[in-house]
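> Throw the hints in and build the complete structure from the sequences for me.
Here's the letter readout for the chains.
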Amino acid sequence: MKIGYGGDYNPEQWLPEVWKQDFRLFDEAHIDTLTVGVFTWGLTQPGPDVYDFTVLDRIVDRAAAEGRRICLATGTGAHPAWLAKQHPEVTRTDFEGRKHRYGQRHNSCPSSPVFRRLSTEMARRLAQRYAGNPAVIAWHVGNEYGGACYCDLCAAGFREWLRLRYGSLSSLNAAWYTTFWSHTFTDWDQIEPPSALTEHWRGPDHTAFQGITLDYLRFMSDAMLANYRDEKSAIRESDPRTPVTTNFMGLYRPIDYHRWAPYLDFASWDNYPPDDRSPARMALAHDLMRGLKDGQPFWLMEQTPSVTACRDVNPLKRPGVMRLWSWQAVAHGADAVLFFQMRAGRGASEKYHGAVIGHAGRADTRVFREVAALGAELSALGGITLGARTPARVALLFDWDSWWALEISDGPSRLVRYLDVVTAYHRALWTLGADLDVIAVTAPLDGYDVVVAPALHMIKGDLAERLSAVAFRGGSVITTFLSGRVDENDNAFLTDVPGPLGELLGVRVDEWDAREPVYVNRVRVGDATFQSRLLFELVLPQGAEVVGRYEEDWYAGTAALTRNDFGAGHGWYVGAGLDCAGLTWVIRQVLERHGLLGPYPDLGEVETTVRVTPDGSRLLFILNHGSSPVDLPAVPAGDALLPGDPLALEPYGVRIIHMIT
Amino acid sequence: MKIGYGGDYNPEQWLPEVWKQDFRLFDEAHIDTLTVGVFTWGLTQPGPDVYDFTVLDRIVDRAAAEGRRICLATGTGAHPAWLAKQHPEVTRTDFEGRKHRYGQRHNSCPSSPVFRRLSTEMARRLAQRYAGNPAVIAWHVGNEYGGACYCDLCAAGFREWLRLRYGSLSSLNAAWYTTFWSHTFTDWDQIEPPSALTEHWRGPDHTAFQGITLDYLRFMSDAMLANYRDEKSAIRESDPRTPVTTNFMGLYRPIDYHRWAPYLDFASWDNYPPDDRSPARMALAHDLMRGLKDGQPFWLMEQTPSVTACRDVNPLKRPGVMRLWSWQAVAHGADAVLFFQMRAGRGASEKYHGAVIGHAGRADTRVFREVAALGAELSALGGITLGARTPARVALLFDWDSWWALEISDGPSRLVRYLDVVTAYHRALWTLGADLDVIAVTAPLDGYDVVVAPALHMIKGDLAERLSAVAFRGGSVITTFLSGRVDENDNAFLTDVPGPLGELLGVRVDEWDAREPVYVNRVRVGDATFQSRLLFELVLPQGAEVVGRYEEDWYAGTAALTRNDFGAGHGWYVGAGLDCAGLTWVIRQVLERHGLLGPYPDLGEVETTVRVTPDGSRLLFILNHGSSPVDLPAVPAGDALLPGDPLALEPYGVRIIHMIT
Amino acid sequence: MKIGYGGDYNPEQWLPEVWKQDFRLFDEAHIDTLTVGVFTWGLTQPGPDVYDFTVLDRIVDRAAAEGRRICLATGTGAHPAWLAKQHPEVTRTDFEGRKHRYGQRHNSCPSSPVFRRLSTEMARRLAQRYAGNPAVIAWHVGNEYGGACYCDLCAAGFREWLRLRYGSLSSLNAAWYTTFWSHTFTDWDQIEPPSALTEHWRGPDHTAFQGITLDYLRFMSDAMLANYRDEKSAIRESDPRTPVTTNFMGLYRPIDYHRWAPYLDFASWDNYPPDDRSPARMALAHDLMRGLKDGQPFWLMEQTPSVTACRDVNPLKRPGVMRLWSWQAVAHGADAVLFFQMRAGRGASEKYHGAVIGHAGRADTRVFREVAALGAELSALGGITLGARTPARVALLFDWDSWWALEISDGPSRLVRYLDVVTAYHRALWTLGADLDVIAVTAPLDGYDVVVAPALHMIKGDLAERLSAVAFRGGSVITTFLSGRVDENDNAFLTDVPGPLGELLGVRVDEWDAREPVYVNRVRVGDATFQSRLLFELVLPQGAEVVGRYEEDWYAGTAALTRNDFGAGHGWYVGAGLDCAGLTWVIRQVLERHGLLGPYPDLGEVETTVRVTPDGSRLLFILNHGSSPVDLPAVPAGDALLPGDPLALEPYGVRIIHMIT
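Sequence order for the protein chains is A, B and C.
Under full-length UniProt numbering, read the first sequence as residues 1 to 661, first letter to last.
Under full-length UniProt numbering, read the second sequence as residues 1 to 661, first letter to last.
Under full-length UniProt numbering, read the third sequence as residues 1 to 661, first letter to last.
Note that these hints are calculated values from the structure, not bench results.
Hints may contain errors.
As the list makes no split between identical chains, a pair holds if one copy fits it or if it spans any two.
Straight-line C-alpha distance at most 16 Å; calculated EDC-like pairs for lysine to aspartate or glutamate [said to hold, decoys possible]: (1) K85 - D152; (2) K85 - D189; (3) K293 - D265; (4) K99 - D152; (5) K85 - D187; (6) K20 - D61; (7) K460 - E488; (8) K2 - E377; (9) K99 - E89.
Since the structure is predicted, the reported quantities are computational estimates derived from the model, not experimental observations.
Here you go:
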């Protein structure tokens with residue numbers, strides 16, 4: 001066994017001559033894993049009562065015969081044209097209230113009984129047919145679940161979901177605070193999906209009733225989860241063991257992946273970073289995906305070998321970058337490295353998307369050569385990394401509910417975006433080299449010395465107590481402005497801000513200023529001064545020590561940054577939108593206290609992670625994300641699993657040290 | 001009697017313990033006036049045939065028992081959920097043609113018979129119930145009327161409105177100039193509301209037929225006025241005397257407040273300036289509101305004590321600013337100073353909106369302390385300002401028809417915005433300290449020495465004659481580019497520009513240039529040079545004296561600014577988009593001629609106004625809008641009604657001098 | 001005979017007194033040609049079964065009596081209100097799926113049987129009535145055809161169009177590459193118009209299926225062409241000879257004018273450049289329009305004498321510019337110079353559009369005086385230019401299919417716009433003074449020494465062979481990045497890029513980088529260095545000589561610009577988004593080789609064209625587009641047909657030299 005290598009493959013688009021060419025090139029590139037059938041519904045069910053697996057049989061048989069492993073998709077990510085024509089209910093109604101007709105993909109209403117029945121039946125038949133095939137090593141349900149629907153079927157589903165959640169209209173009215181603006185609901189049927197035609201203006205983030213919108217986000221995530229679960233159950237009827245997954249999208253707002261994770265046998269995701277300056281962001285996404293299943297390895301289900309097509313501007317991955325990012329995935333827990341796509345399509349909207357094999361079918365392109373070289377390298381490495389875990393003592397909390405609640409709020413500032421805050425804190429941790437887990441607010445915190453919870457807007461359940469326990473036993477908890485504001489229904493706590501976190505943090509916040517991005521208030525911390533922007537909470541210490549104070553404006557001298565002694569540990573509160581240097585200063589204090597700085601905290605473009613293999617080996621991954629060579633001061637003793645001088649990394653260089661401990 | 005102090009209060013959202021806490025805090029802050037019931041329709045009519053005033057009774061009784069004065073709202077600004085479900089006709093159809101379902105507020109179709117019947121019935125029943133209560137000192141009908149509806153009921157209402165206006169289709173066709181683009185209407189039913197589905201593209205300002213769009217704006221304003229009048233009439237059935245108002249929004253385009261004003265017993269408005277650098281703009285809005293009822297005092301119905309919530313960025317009012325802006329309202333004619341809101345809501349879209357009492361219910365916040373201090377100050381002042389009038393000899397014309405006509409025109413420049421022009425001229429008057437009235441074009445002009453009419457695009461009735469009369473008897477009239485262009489149907493005058501104003505102004509304009517904002521043409525006036533932007537009319541004097549000429553481009557040397565001797569006075573024409581310095585130069589000439597400069601024309605951030613009380617006392621208000629202290633050269637002899645050195649104002653300082661005359 | 005002079009005239013909007021005034025002013029300005037009836041459908045057919053030509057008779061009779069020539073419009077560019085009310089099918093459904101109601105103009109669904117029947121009937125009746133009138137010298141069908149409709153009638157029309165094009169669903173599925181995303185169509189009725197409700201997101205350029213969108217663009221252009229052809233056929237029933245046209249809009253994307261051209265008897269177009277710095281762009285548009293009919297003279301059907309109204313900012317044409325641009329039209333092949341509009345409308349959306357006669361009806365305005373002066377000049381010139389041709393040896397290929405295909409593609413860059421590329425290459429040709437034809441990709445290439453084909457994305461038919469033949473016989477062919485990518489169905493060629501052009505160009509392209517506009521990669525060419533932006537193809541020479549190489553980034557040293565010897569000529573490939581200087585360098589090499597530089601290649605603002613009259617005379621037009629005087633080094637011997645020193649051009653000056661050859 002080794003790291004799976006390959007990707008999305010759609011031979012149904014091609015003639016047999018091309019298949020033959022493909023497999024020759026796959027051998028040349030050490031391709032051993034193929035994801036097939038992702039958009040084959042129209043092929044496998046060409047009409048209402050007709051199923052035809054001829055072509056898919058041929059694909060699976062051929063791949064199996066060549067020794068390839070197959071990740072078999074149910075193909076339900078796009079419904080066939082005949083289905084939309086025969087049952088208009090299967091298409092979605094969008095946020096603007098417009099009923100769509102047939103087109104695109106990811107186009108099915110999750111509440112449609114017809115869609116649910118037929119997609120499940122497709123999964124059932126596929127499992128019946130291919131369950132016994134040893135080449136099939138995983139099931140891939142649907143594709144990149146997401147978007148939303150606002151049709152009447154979803155309205156009915158929403159009401160049913162609400163009935164289960166609240167039991168009574170009086171509970172619902174209380175949760176949604178409907179006395180405001182005369183909104184008291186006296187019948188379930190009065191409730192409408194929150195859209196441009198009801199509670200919203202300007203767009204999906206501007207709502208008159210946060211509670212309604214928040215619940216609809218939760219409902220829609222659950223409704224699609226039900227679609228996934230339908231198909232998984234149907235697969236399990238014939239195939240009790242082969243793992244089932246679906247491809248997630250990393251930092252994707254519409255779906256609460258934490259609520260989905262229990263139903264996946266392993267996580268997998270598609271890595272399309274917004275630009276080529278995103279190594280920290282990719283690391284965050286990898287860690288979030290790994291955290292979905294308690295640290296269990298995941299698959300990198302898709303990445304482009306070269307270019308994307310869907311952006312306004314699609315830059316080319318420079319030499320070495322595809323390899324570097326592939327190893328980064330492994331460094332963060334990937335057991336498979338897969339591409340979209342194996343061969344470039346001729347037509348439609350992804351014909352210019354990068355592929356291992358281009359339109360001309362050449363093996364002598366730069367891209368193919370790099371893919372083949374990485375294939376050889378992965379083969380040489382073998383299976384040592386498989387099943388390895390990350391021994392993190394730092395946790396970063398990530399919470400879809402806080403994300404949603406924060407960004408659909410009116411006030412204090414639309415410019416404060418959840419991901420911006422989270423990625424800023426993560427970047428500081430990443431720069432300083434801490435091994436970290438990204439976890440849900442419901443995850444156990446016992447194993448961590450440091451818990452960072454940026455913009456923890458919503459406090460649910462016993463979270464405040466568990467955070468306090470971390471500090472009490474000597475750990476450090478860091479949180480920020482706009483934390484501890486609302487309960488699980490997005491109703492403000494009727495206490496001082498930061499609500500249930502007040503005791504842990506030893507502060508109170510009565511007021512806050514919000515400003516345009518051009519406005520800067522400096523924060524003095526000891527001898528240093530940092531900039532802060534966007535949001536400025538006026539922190540009133542209630543026992544906490546003042547670490548930083550504002551220097552500008554009428555609240556100059558007011559606390560902006562505090563640290564509270566709590567038990568044997570600390571509760572930090574960052575009340576201002578500190579800049580990168582400021583955040584790095586705070587995080588460094590905390591990591592140093594716990595001895596958790598990485599080996600190269602001052603080499604900003606060098607990333608390291610540690611993985612511990614099932615047999616207890618410790619692997620140190622060293623990745624140079626810079627375009628310049630880097631000399632390392634030292635590396636731990638051990639065997640180098642990749643070629644190259646361990647102390648001198650070339651641009652985009654990668655090393656793996658099998659540490660002697 | 002004294003200035004009313006308090007604001008919007010929604011105890012129906014809270015439990016009795018909280019009520020108790022509220023009233024203790026109200027006492028502490030000298031709160032004597034509460035606006036209640038603004039969004040209680042769902043509470044008072046929980047179903048089609050069910051009325052329930054239990055909670056409202058309790059609120060009113062409690063407030064009355066505590067000696068508070070009540071501004072009682074009819075609560076019809078948002079309809080209940082059951083109503084929208086039972087009668088879908090009550091919800092609006094938007095400009096895009098989308099029928100809305102239940103949600104938000106200000107959501108009722110003004111033409112819906114069901115809405116009209118039930119909202120009127122609600123007002124009727126409230127009046128029947130509370131008319132005799134001496135604590136009820138005013139009725140507050142609906143809330144912030146505005147928006148628009150484009151449904152079929154409104155289409156029918158529009159056709160009826162047109163029939164009354166035009167009598168015949170041939171008159172209508174002539175008014176709308178329908179021969180253009182084959183638009184002749186041969187049946188009333190062919191007429192559609194002008195929307196994105198009919199005459200418009202890009203948005204509400206881009207129309208193929210200005211006449212249709214203009215009339216729809218007038219109709220929609222009238223339709224909502226009818227809603228207001230319905231409710232007022234129903235109140236008057238039981239309560240013949242208590243004054244009735246609704247809260248206006250200042251410089252708000254969709255509603256022609258001049259057409260509404262006769263039906264209000266006093267004006268009131270909600271002051272939410274776009275930013276904290278808007279003292280002149282607020283002054284303009286105050287004066288506009290005061291001018292609605294011929295100078296009669298108005299109420300400041302809402303302002304935030306601290307922050308708004310609906311903006312992208314919601315900055316915090318700094319210490320002293322809430323007090324300063326409250327006194328500014330009084331300086332311009334307010335008899336009440338009220339907040340939105342007394343207690344912060346827990347949930348929904350205004351939970352982060354500032355409030356006198358925050359979520360924690362504290363009295364020791366900065367905001368509460370400032371509110372309480374102002375309460376004490378207002379109590380100490382007593383009733384001296386009540387009923388006082390502003391003795392202005394300068395009038396600024398403000399005209400919704402010109403606003404609409406200018407901004408829905410194709411050409412010459414979409415960048416020339418009515419409010420920009422008006423606020424620029426007002427700012428010059430404000431900076432120079434002139435006491436002024438902002439009045440409708442139909443208001444008598446006899447009492448004024450100076451009439452400023454920026455962008456007076458449309459000339460209706462005898463306006464040109466009345467303006468000429470001002471100049472003839474020795475006054476000064478100032479108008480600008482794009483004035484005198486169209487008649488009341490937005491049809492161009494078939495004469496030289498500026499149409500009926502030509503004789504008064506002694507100029508003719510055949511052509512004009514429009515340019516992007518980066519382009520500047522300098523205008524030389526004597527030894528000074530000013531910049532002009534956006535629009536450049538080539539002014540051909542026909543008797544007028546040239547005061548300023550363009551310096552740039554092929555029309556260098558052409559007149560840009562003229563003054564015409566007319567009778568004993570002057571008609572000024574400003575053909576170019578002059579900068580602030582240029583406008584101030586022009587306005588200063590005029591004010592100096594009439595001896596109407598304020599006491600501190602060179603102290604840009606010091607505002608003054610004079611009010612004359614019913615007993616003839618003259619009160620001079622002095623307000624320092626700057627963040628620095630200011631020394632005044634002198635102040636009139638008199639008693640200082642607020643503490644502090646009259647000659648040395650602290651930042652945001654306020655003085656009131658009871659002048660000895 | 002002489003150049004027609006006049007324009008759009010709508011006396012139906014006016015009373016007889018005004019008509020009289022108009023005709024007196026027309027005489028004063030040498031106006032001899034009037035376009036009448038452009039929006040008269042509501043006038044000529046006031047009801048379902050009522051036709052009334054009384055007013056139109058009067059207009060035609062009066063004009064004829066005064067000796068004016070008439071371009072008679074069918075008036076079907078806007079349908080009457082009664083028609084939309086009685087037959088809602090005639091209004092369009094927009095891209096967002098919204099059915100429109102009555103409003104605007106250009107508002108008819110092209111597939112509506114009712115619209116087709118009644119518009120055709122109108123043309124038939126007009127022709128029956130006015131065919132014999134010698135004053136009627138041309139028919140003007142509809143007006144500025146364009147926009148699109150997405151209604152069910154168009155859906156049905158689209159399916160019929162597809163059936164004719166593809167014959168079978170299997171052909172259609174192959175052409176559209178429907179295996180991708182499960183899109184296989186199994187019944188024609190499953191096919192929907194590609195809109196915001198089906199295949200599109202973000203807007204008309206973002207589609208899941210390029211093939212569907214491309215075919216809908218073709219269908220919609222054909223559907224409107226059918227409308228035009230309907231009317232033309234109806235005219236031909238009574239009038240077999242008078243030429244028929246419609247007014248095009250130059251560089252207008254929605255309509256493939258090359259497919260329309262065979263059905264026009266002469267081309268005509270409306271020239272409203274985006275700003276006053278567009279002489280090259282106007283030249284391109286003139287040449288494109290002339291190229292539609294193989295070089296046959298066209299009419300300038302509309303231009304404004306002064307200002308437009310529909311822009312956000314509508315600048316004024318400075319003195320001399322209207323004359324200059326009128327002569328530019330003639331220099332490029334116009335046989336008529338017409339204005340929109342003769343008299344300014346009083347109301348609606350064009351009341352501020354410039355006109356020969358303004359609202360006041362004056363003859364002493366600058367604009368009228370310039371119009372009259374040009375009228376005198378045209379009269380003095382007489383008929384010498386009529387029917388003249390342009391003797392170009394340079395061809396610029398212009399292709400609506402490539403335009404559409406390029407701009408609806410996902411990847412590599414949305415920022416690369418077809419017109420930007422074409423206008424950049426054209427500008428280089430224009431600056432260097434080459435006489436050129438702008439032609440369709442189907443036009444014969446035999447007569448050209450140089451063929452420039454920027455962004456020739458789609459290669460159809462025998463185009464590659466014909467381009468090769470140009471080079472083979474010694475010519476030069478220039479093409480660029482993103483050429484040779486797709487076949488006529490927008491499917492990628494399964495060969496190396498640039499597909500069928502590879503042999504001619506001697507290069508291969510495996511990969512390309514796309515970047516934001518701020519990124520610059522320099523390209524070294526000999527001793528010079530040019531900037532390139534947006535798109536960077538990595539050109540691998542396969543026989544071609546490398547002329548320029550990238551200087552930056554990891555592909556520094558890679559070829560960016562190549563020239564291939566092919567037969568006796570050259571195939572140039574420009575792989576980078578070169579700046580203006582770079583393009584000019586390339587074009588200059590090529591023009592110099594063929595001796596085709598214009599007389600003043602270094603005088604950037606001086607434009608020249610040559611026209612050869614039917615009797616073989618050669619006329620050299622010299623136009624100074626600059627605001628400064630220019631001295632010419634020399635002019636060819638000949639007679640000056642316009643006044644002024646031939647060697648010294650005033651700002652905006654024009655000369656015509658009747659060359660002695």
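> Please go over all the hints and tell whether each is borne out by the structure.
Hint-by-hint comparison with the structure:
1. K85 - D152: Classified as between: cross-chain Cα gap 14 Å, same-chain 18 Å, threshold 16 Å.
2. K85 - D189: Cα proximity of K85 and D189: across copies only (8 Å, versus 29 Å in one copy).
3. K293 - D265: The answer is within: 8 Å in one copy meets 16 Å, while 67 Å across copies does not.
4. K99 - D152: both (10 Å within a copy, 15 Å between copies)
5. K85 - D187: The answer is between: 9 Å across copies meets 16 Å, while 34 Å in one copy does not.
6. K20 - D61: Only inside one copy: K20 and D61 sit 13 Å apart there, 78 Å across copies, limit 16 Å.
7. K460 - E488: Within one copy only: 5 Å inside a chain, 58 Å across chains, cut-off 16 Å.
8. K2 - E377: within (11 Å within a copy, 80 Å between copies)
9. K99 - E89: within (9 Å within a copy, 20 Å between copies)
Comparing the model with each numbered hint stated earlier shows that all of them hold.
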